[in-house]
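Trainee: Listed below, chain by chain, are the residues.
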Amino acid sequence: MKSEIDKIYLIDRFLKGELSGLPLDEFKNKMRTDKEFAQEVESQKAIIEGIKMARREQLISIIKSQRTPETNTILSKASKIKESENTFKIPPPIKAEPDTEIKEFKLRPNYNNWHFAVAAVLLSILGFYFIFGYYIPHQKLEVAYQDSLEAQNNNLVNNQEKESETTDKPLNNDGIEKNDSLKQNQQLVQIAQVDSLKIEKDTKISETLYSVAAFETITPDGANTNTNVLTGETNDDLRVSNVRKVKGTSVKVEFWQSVVNFKGYKLNGNKLLLFDIKRDENVNLKFLDNQLYLKKNGYYYKLNGSETFETYKKETNIEIIKTLESN
Amino acid sequence: MFGIGFTSDNDVVNEIKQGNEKALVTLYKQNLGAIKKFVLNNSGTIDEAQDVLQETLIAVWQNIAKPEFLLNVKLSTYMFSIAKNQWYKQLKKKTRFKVVDVSVTENFRADEAPMLIYDTKIVCDYVNKLDETCKRLLMYFYFEGLDMNTIAEQMGFANSDTVKSKKYQCFKKLENSVKEHFEKDDFI
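Going line by line, the protein sequences match chains P and X. Reminder that position 233 of the first sequence reads as 233 in the working numbering, one-by-one numbering, no gaps. Reminder that position 181 of the second sequence reads as 181 in the working numbering, one-by-one numbering, no gaps.
Read the hints as simulated data drawn from the structure, not as lab findings. Take these hints with a grain of salt, some might be off.
Claimed, not checked - Computed footprint of chain X on chain P; a stretch qualifies when at least three of its residues, placed anywhere within it, have a C-beta under 8 Å from a C-beta of chain X:
#, segment
1, 30-44
2, 291-297
3, 305-311
What the hints assert, rightly or not - Simulated restraints, written as ranges between beta carbons of each label pair:
#, chain 1, residue 1, chain 2, residue 2, range
4, P, LEU123, X, SER81, 49 to 59 Å
5, X, ASP11, P, LYS35, 44 to 54 Å
6, X, ASN14, P, ASN29, 41 to 51 Å
7, P, GLY21, X, ALA59, 57 to 67 Å
8, P, GLU26, X, ASN63, 23 to 33 Å
9, P, PHE116, X, LEU40, 50 to 60 Å
10, P, ASN29, X, LYS94, 34 to 44 Å
11, P, LYS35, X, VAL73, 25 to 35 Å
12, X, ASN128, P, ASN29, 32 to 42 Å
13, X, ASN85, P, ALA120, 28 to 38 Å
14, P, ARG32, X, LYS37, 46 to 56 Å
15, P, LEU15, X, PHE69, 44 to 54 Å
The structure displayed is predicted, hence computed values, not measured ones. Think of the CB as a built atom: it goes at the ideal place given N, C-alpha and C, for glycine as much as any other residue.
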């Protein structure tokens, strides 16, 4: 066996070209004289070629796995092979054998990623809903709102101009000025119509400048205090107060109709906004000790200055009501 | 080292010397662009460029695997010079085929190339049927040209004598199966 291993090793060295000098001459001589030996060399050579080819194919398959298939190149290769077959009878190279199979690539839907498709569809639906169901209508609403605000501003400017004209006009017995712009203002309906979209807002019915009478109570020192002689206690209920008229103040009163039927007022400085007061309803304003009171349907309401809207609160103090009634 | 990529030419060379095929992929990726461009600029097709790159890689692989190989230039430069030679050889072949008559070529080949006793393709099939150790050992020895010591180190054999003995066994196994195949054919 040892000699067999050495023989194969020697043939390997010869085939690799590693023999030289005398060993090479001896080897060649043996090949010439010993036909069996020559046969063995040839068969070993063929087997080595087969081993090399197998390794080569292995490496080529690794390289080919890196190639990206391009349809045009496959086609060009196919046409090249066909052409060469027609023109020359060249024996096909060994390496080309696995290559000559033209791979066919078909585009098929990848059903493994169906969840991505579902997600895409749902996102598209959401997108459409946002654009057509929310964004565009919202834009239209905003435009309508801007238009209505503009209209309101224009009306206010007009009213202010007319107000300045009417301040010099005489007042009637109730102290209520007959405003010429009332009819115009009654038609001030803040409804904006944009593409059949209506926005209804609070309506200003009229506005008037009132000259409000003012009173104040005078309490002379000790004059109106009843003191019990026995106990020495004072009784405020029995106090007697005098009222005197002081200089009145002008109050600009605006009558409004609320969309949501709000019943109340807002007093800011000398400007008073009254909601839910009918046009033919008799109202009266009076100042008592710098407090404004509104008389409506026989009742007195105390009006407090505020930045916000307040509801009507009836005055329950009989003394005050009596004082207001008697003046 | 693998997975992220080789950091230097020496890494690639060392991995090729150890028979690691991942180095081949790295070489392919690193040199595809340059070689493709060169072949296309020199009247070649994309497919021919791929073939040149393939042949270059095999040649480089075999050269580097040799124990005496020393890399004196950049690996990409070395690759490119081999690719250039490969392409010029192919171009020469193309022009020669155009002028040489088919019959002349056939005669020439018959005279020059001695017929092998066994069909290489059939031997190749039997190599692939061998067990993994035998296949790898024979390939390392005959294709890469690794010496016995390196093979012992790579494949975990005790020493070079063990490799020599194992290699003999594997070779005989292959030879017998091939012989058997052709003897059967002779009877038919």
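Trainee: Tell me the hint numbers this structure goes against, listed in increasing order.
Mentor: 2, 3, 7, 9, 11, 13 and 15
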